[in-house]
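Residue numbers (our numbering), protein chains in the order written: chain A, 1 to 184; chain B, 1 to 292.
Hints listed in this document are in silico derivations from the structure and should not be mistaken for laboratory results. Don't take every hint at face value.
Which residues of chain A face chain B? A few of them, derived with a C-beta cut under 7 Å, are [what the hints assert, rightly or not]:
#1 38
#2 145
#3 164
#4 170
#5 174
Here are the simulated distance ranges between beta carbons [what the hints assert, rightly or not]:
#6 137/A / 228/B: 31 to 39 Å
#7 136/A / 174/B: 31 to 39 Å
#8 216/B / 137/A: 23 to 31 Å
#9 171/B / 9/A: 21 to 29 Å
#10 169/B / 9/A: 32 to 40 Å
#11 171/B / 162/A: 29 to 37 Å
#12 111/A / 216/B: 47 to 55 Å
Keep in mind the model is a prediction, meaning the values are calculated, not measured. Backbone N, C-alpha and C fix where the C-beta goes; we use that ideal spot for every residue, glycine too.
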Amino acid sequence: MTLLSDSPHDRVMVFIDLRNVLKSSEIPGLDLPLDLYRLSLDMAGGRRLVAAYVFDTRAPYGEEDRAHRMHDRLRFLGFRVVARESYDPSRREQKEVDVAMGCEMVAHALKDNFDVAVVVSGDRDFVPAIQHVQSAGKRVEVAAFHEAFSKEMLKSCDRYRMLDSVPLLRMDGPAAGGAGGDGA
Amino acid sequence: MTGGKKDWLAFQRELIESGAISEEDLDEFNGKVEILSFSRAGGAGALRADFNGTHAFLRGADAAGDGGEWICRLEKSGGAYIASPIRKVDASFFMELKSHQAEEVAKALWKSRRADMEQIIAEHCRGLLAEEAEPGAGDEAESLRREIGELRAERDSLMERLAEAESLRRERDGLRERLEAGAAAADYPAIRSEVAAEERPQAAPAPAGQEAARRVSEDAIESSLFTPGKCFVHVSLDLETMAVRPHGYGTAICVGNRIRLAGLNAISPFAGERDLACRRGPDGAVTIRLKS
Numbered sequence: 001m002t003l004l005s006d007s008p009h010d011r012v013m014v015f016i017d018l019r020n021v022l023k024s025s026e027i028p029g030l031d032l033p034l035d036l037y038r039l040s041l042d043m044a045g046g047r048r049l050v051a052a053y054v055f056d057t058r059a060p061y062g063e064e065d066r067a068h069r070m071h072d073r074l075r076f077l078g079f080r081v082v083a084r085e086s087y088d089p090s091r092r093e094q095k096e097v098d099v100a101m102g103c104e105m106v107a108h109a110l111k112d113n114f115d116v117a118v119v120v121s122g123d124r125d126f127v128p129a130i131q132h133v134q135s136a137g138k139r140v141e142v143a144a145f146h147e148a149f150s151k152e153m154l155k156s157c158d159r160y161r162m163l164d165s166v167p168l169l170r171m172d173g174p175a176a177g178g179a180g181g182d183g184a
Numbered sequence: 001m002t003g004g005k006k007d008w009l010a011f012q013r014e015l016i017e018s019g020a021i022s023e024e025d026l027d028e029f030n031g032k033v034e035i036l037s038f039s040r041a042g043g044a045g046a047l048r049a050d051f052n053g054t055h056a057f058l059r060g061a062d063a064a065g066d067g068g069e070w071i072c073r074l075e076k077s078g079g080a081y082i083a084s085p086i087r088k089v090d091a092s093f094f095m096e097l098k099s100h101q102a103e104e105v106a107k108a109l110w111k112s113r114r115a116d117m118e119q120i121i122a123e124h125c126r127g128l129l130a131e132e133a134e135p136g137a138g139d140e141a142e143s144l145r146r147e148i149g150e151l152r153a154e155r156d157s158l159m160e161r162l163a164e165a166e167s168l169r170r171e172r173d174g175l176r177e178r179l180e181a182g183a184a185a186a187d188y189p190a191i192r193s194e195v196a197a198e199e200r201p202q203a204a205p206a207p208a209g210q211e212a213a214r215r216v217s218e219d220a221i222e223s224s225l226f227t228p229g230k231c232f233v234h235v236s237l238d239l240e241t242m243a244v245r246p247h248g249y250g251t252a253i254c255v256g257n258r259i260r261l262a263g264l265n266a267i268s269p270f271a272g273e274r275d276l277a278c279r280r281g282p283d284g285a286v287t288i289r290l291k292s
């Protein structure tokens, strides 16, 4: 139940905190990658998807970056991948990523590049950015898996969506490759 | 003439040869000889010319004349000069000049009075051209100018039509390319694609009332709602819902209404064949309830 209604003419921009959403979508023992392509289209619904951002870390320049191929695959699909350099090899600590995502959201809101921002992350670090986006007259929807959803995020957004019941984890045929939408 | 280089002795010889002067008068040339322009101040009084910061007065019978340019010999008298006329420089003088003398004169005049000379020559040429032009040449020229104007207008019109045709041709080619690219991109999954046509189910709608799928083995599900060919299969995190969408880039394959999936038994252990509730959504996706 939501206070606000949708319009098919709304411009939707999706902002995905990749590590947050990948971590919360893992099922131990099962290799079911999260399909970000499917996720973005689902979040847009029948509205016009104007852009989809993915925020992640990358290895420092000169070091081998295992996520580089995944980032490129996402770019190839049309995602705008913003990868901030992280000095933590295991990427347990996300440096600069949250601020980069918050800045991008606010910047686009102030430039009137979208009507609705969909934040795919349950991290409450985004609450100030969400509030600033709302101050610019934009709506903010938050989507995350239940385990990762912060109550502060639930309270700050205009609409939230639990992704646990949405079919987003890809299953392949017995001898299938890895084409199409991509997660980890 | 004053100024410029000249051979005075050669000039004297030429004057003698032309009869303009006799040898007896040569002695008179040993004094200061100049060419001066004489006139009466205020239209009255003696004929005088300006020379060397003072005046030179013409004497003799020619002093009663109108003045003009004279070759004369000068003698200093007090603070002025007395000019004894030798020869008046008029048209006859120039007519008697030899060709090289006339050339020298012409060069000097061109150098000192070019603007006047150009005007005189231009007017003379215009007069000659007007005399030589055929009668009616002006009308013919006007007619030709009109014809040229009409031809230019016609040319401009043709150029515009040509540009328009080229623009239409480019637009047509662009539309063809976009149509072909759109047909090719229909099978390509990309966020940029604004049309979900590639996910539109290709099979005919299932008969009314037949909204069921069936778990037939550990790794297979079948349903008449499935579209033969490649498809994407997604399952929810809570492992309760499955969605099947036909897609050219799908990672699963539907053969004979049956789809085999790796790891299906892990997410939903097989406990014998059973029906599963399913429905086709407005976007063409078949949604299946894995757990009752």
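Results of checking the hints against the structure:
Among the interface hints, the one on residue 38/A holds; its C-beta lies about 6 Å from the nearest C-beta in chain B, closer than the 7 Å criterion. Look at residue 145/A: its Cβ gets to within about 6 Å of chain B, closer than 7 Å, so that hint holds up. Checking residue 164/A against chain B: minimum C-beta separation of about 5 Å stays under 7 Å; hint holds. Annotation: residue 170/A was flagged as interfacial toward chain B, and the flag holds, the nearest CB pair being 6 Å apart, inside 7 Å.
The criterion of a C-beta within 7 Å of any C-beta in chain B is met by residue 174/A, whose closest approach is roughly 5 Å, and the hint holds. Between residue 137/A and residue 228/B the Cβ separation comes to about 48 Å, which falls outside the hinted range of 31 to 39 Å. Separation of residue 136/A from residue 174/B is about 37 Å and conforms to the stated range, judged on CB atoms against 31 to 39 Å. With their beta carbons about 53 Å apart, residue 216/B and residue 137/A fall outside the hinted range of 23 to 31 Å.
The hint said 21 to 29 Å for the Cβ distance between residue 171/B and residue 9/A, and at roughly 28 Å that hint holds. Checking the proposed 32 to 40 Å range against residue 169/B and residue 9/A shows it holds: the Cβ atoms sit about 35 Å from each other. Against the hinted window of 29 to 37 Å, the Cβ-Cβ separation of residue 171/B and residue 162/A comes to about 48 Å, which falls outside the hint. Restraint check, residue 111/A to residue 216/B: a C-beta distance of roughly 53 Å satisfies the suggested window 47 to 55 Å.
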